[in-house]
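Q: Chain residues, written in single-letter form:
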Amino acid sequence: MNKTGFLYDKKYLLHDTGPYHPEVPARLKAIYSGIKDANLLSMLTLISASSADLKWIETVHERDYINRFKEACLAGKKIFDSQDNQICPETYDTALLAVGGILDTIDLIMKNKIDNAFCAVRPPGHHAEINKAMGFCYFNNVAIAARYLQKEWDIKKVGIVDFDVHHGNGTQHIFEQDPSVFYYSIHQHPSFGYPGTGREFEKGSGPGYEFTLNSPVLPDKGDSEYKKLFENNLFVAFKTFKPEVIIASTGFDAHVDDDMSNIKLSTEGFSWIMEKIVEMASSYSNGRLISVLEGGYSLKRLPELAKNHVEILLGTGTK
Amino acid sequence: MFVSQSMTRDVITIDKDANIFEAKDKMAKHRIRHLPIVAKDNRIIGIVSDRDIRSALPCSLLKDYDTGKAREKLLDFKIKDIMIIDPFTVSLSYTIQDALMLMQKTRVGAFPVVDEQGRIKGIISTRDLLRSFINVLGIEEPGTLLCIIVEEKIGQLKKIVDVITEENISFGSVLVARCWDEGKRAVFPYLLTKNVSRVKSKLKKMGYSLLDPTEWYIDDVS
Numbered sequence: 001m002n003k004t005g006f007l008y009d010k011k012y013l014l015h016d017t018g019p020y021h022p023e024v025p026a027r028l029k030a031i032y033s034g035i036k037d038a039n040l041l042s043m044l045t046l047i048s049a050s051s052a053d054l055k056w057i058e059t060v061h062e063r064d065y066i067n068r069f070k071e072a073c074l075a076g077k078k079i080f081d082s083q084d085n086q087i088c089p090e091t092y093d094t095a096l097l098a099v100g101g102i103l104d105t106i107d108l109i110m111k112n113k114i115d116n117a118f119c120a121v122r123p124p125g126h127h128a129e130i131n132k133a134m135g136f137c138y139f140n141n142v143a144i145a146a147r148y149l150q151k152e153w154d155i156k157k158v159g160i161v162d163f164d165v166h167h168g169n170g171t172q173h174i175f176e177q178d179p180s181v182f183y184y185s186i187h188q189h190p191s192f193g194y195p196g197t198g199r200e201f202e203k204g205s206g207p208g209y210e211f212t213l214n215s216p217v218l219p220d221k222g223d224s225e226y227k228k229l230f231e232n233n234l235f236v237a238f239k240t241f242k243p244e245v246i247i248a249s250t251g252f253d254a255h256v257d258d259d260m261s262n263i264k265l266s267t268e269g270f271s272w273i274m275e276k277i278v279e280m281a282s283s284y285s286n287g288r289l290i291s292v293l294e295g296g297y298s299l300k301r302l303p304e305l306a307k308n309h310v311e312i313l314l315g316t317g318t319k
Numbered sequence: 001m002f003v004s005q006s007m008t009r010d011v012i013t014i015d016k017d018a019n020i021f022e023a024k025d026k027m028a029k030h031r032i033r034h035l036p037i038v039a040k041d042n043r044i045i046g047i048v049s050d051r052d053i054r055s056a057l058p059c060s061l062l063k064d065y066d067t068g069k070a071r072e073k074l075l076d077f078k079i080k081d082i083m084i085i086d087p088f089t090v091s092l093s094y095t096i097q098d099a100l101m102l103m104q105k106t107r108v109g110a111f112p113v114v115d116e117q118g119r120i121k122g123i124i125s126t127r128d129l130l131r132s133f134i135n136v137l138g139i140e141e142p143g144t145l146l147c148i149i150v151e152e153k154i155g156q157l158k159k160i161v162d163v164i165t166e167e168n169i170s171f172g173s174v175l176v177a178r179c180w181d182e183g184k185r186a187v188f189p190y191l192l193t194k195n196v197s198r199v200k201s202k203l204k205k206m207g208y209s210l211l212d213p214t215e216w217y218i219d220d221v222s
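These protein sequence lines map, in sequence, to chains W and D. Those letters in the first sequence? Residues 1 to 319, per this note's numbering, in order. Those letters in the second sequence? Residues 1 to 222, per this note's numbering, in order.
A portion of the hints provided could be inaccurate.
Taking CB as the label site, the calculated pair distances span [as the list claims (entries may be wrong)]:
id: 1; chain 1: D; residue 1: Gly109; chain 2: W; residue 2: Lys55; range: 20 to 28 angstroms
id: 2; chain 1: W; residue 1: Glu58; chain 2: D; residue 2: Asp50; range: 44 to 52 angstroms
id: 3; chain 1: D; residue 1: Lys184; chain 2: W; residue 2: Lys70; range: 27 to 35 angstroms
id: 4; chain 1: D; residue 1: Ile134; chain 2: W; residue 2: Lys111; range: 48 to 56 angstroms
Note that these hints are calculated values from the structure, not bench results. Glycine included, each C-beta is placed from N, C-alpha and C at the ideal position.
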């Protein structure tokens, strides 16, 4: 059995998106209850939130942007950068707590205190650009995590696997010229789903060319297409790249019962994906794997999906 | 939506007495496929395309086809020998739609854009039109595409627009297309948001059927 960390904190519920928004605190409550009710908490190393030092945020985001975000929250604005991004006075602090918790989790992994971890944080991050909030995301948690691994822990090659149903435009753009971070994303085809990027021909640029890989999936395709694309694209790419640490941008929104997409991935399909990511971590990165929550909006399905996710990280899940 | 707003203004031209290799190199350098030929007063007299160049040159698989003696011979040929004289042109007041229809009809890849005196003002190519279309579709901005099947009767679009507006969602574009089901239309709003679940459920409650946009493409709409 692996030593698995679980980052969760009630403080992550403080980011209030108002009525009629899918990215709600109840998502995290559902995830937490799924793990708790399956009696998994005692098997996990529990990690709580801590605020990130701004210097780490600045490894990815422009200072002007960070200030603009902070001021919007302090001024009591309801929206930041686009109608999608509903904020409250606590949003800025919560976003810092999300990053800080993830960085603490990385420390535990790098000090061999734990093997891997699931970071159930809000707000999510993979749409956030260097200087722009997008698609419910403010700080790009995963991108900052990758930079932290490189700068603080001298990791040379970070592999990111993004299986949220939406393309992680922010993460891609941040690393598209960087051959030290491989960004792989599988998502609903950009002609049918937000944010309209992540086409097959987007492969990075300059020295980062072919260190970005996108697998767009047409609506309705479900498990079989995901398996095929993972095997033909991701497995091949990581076999060559051999990441020293893997970060998963984990989204549960491709699920058949999640109305944010039409991909129709089954619960078993999600388990398969995670098993393969864990296998890749054990092949290439000494098991070092950090899963960071992005989307997933079906409150009915999140408990089970999160439970399975954690069991697979522990190595006690279905095989 | 006039051609004058979408055309390329800095037109790369070629002299009628230039040789074929000069035209070939110019096209390669600027990554273009058409070179207009203009008189001293800027009036258009011809156009040469990369296809004209290719058919004027020997097969590139032949050894030494563009060196030595073969090249010397070819240097004798001038652009005026191969150019299309009196090509199709469009005026500045043509709309994008005019240009599209003319392209479809003539199968020509680029039109010089001329003023009333026939002087060149720009060039509009398939690439310029593609750029305009990307712009019109709004697909360079992040958004989500819906497909709503509606009865073909007055007022349907208004109801849809009202619901989307109530949700405070901006439109990237709206396309309305024929549907295989007679008496119905497919409406494709491209919404500049990630958050479409509420608007989708509202539309469903109003009795509209929401289709997976791929299903519409797969069906042969004749």
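Q: Please test the hint of 44 to 52 angstroms on the beta carbon pair from Glu58 of chain W and Asp50 of chain D.
A: holds (49 angstroms)
Q: So the hint says 20 to 28 angstroms: do the beta-carbon atoms of Gly109 of chain D and Lys55 of chain W match that?
A: violated (53 angstroms)
Q: Taking the beta carbons of Ile134 of chain D and Lys111 of chain W, is their distance inside 48 to 56 angstroms?
A: holds (49 angstroms)
Q: At the C-beta level, are Lys184 of chain D and Lys70 of chain W separated by a distance inside 27 to 35 angstroms?
A: Hint violated: Cβ distance 50 angstroms, outside 27 to 35 angstroms.
Violation of the numbered hints given earlier is confined to hints 1, 3; the remaining hints are satisfied by the structure.
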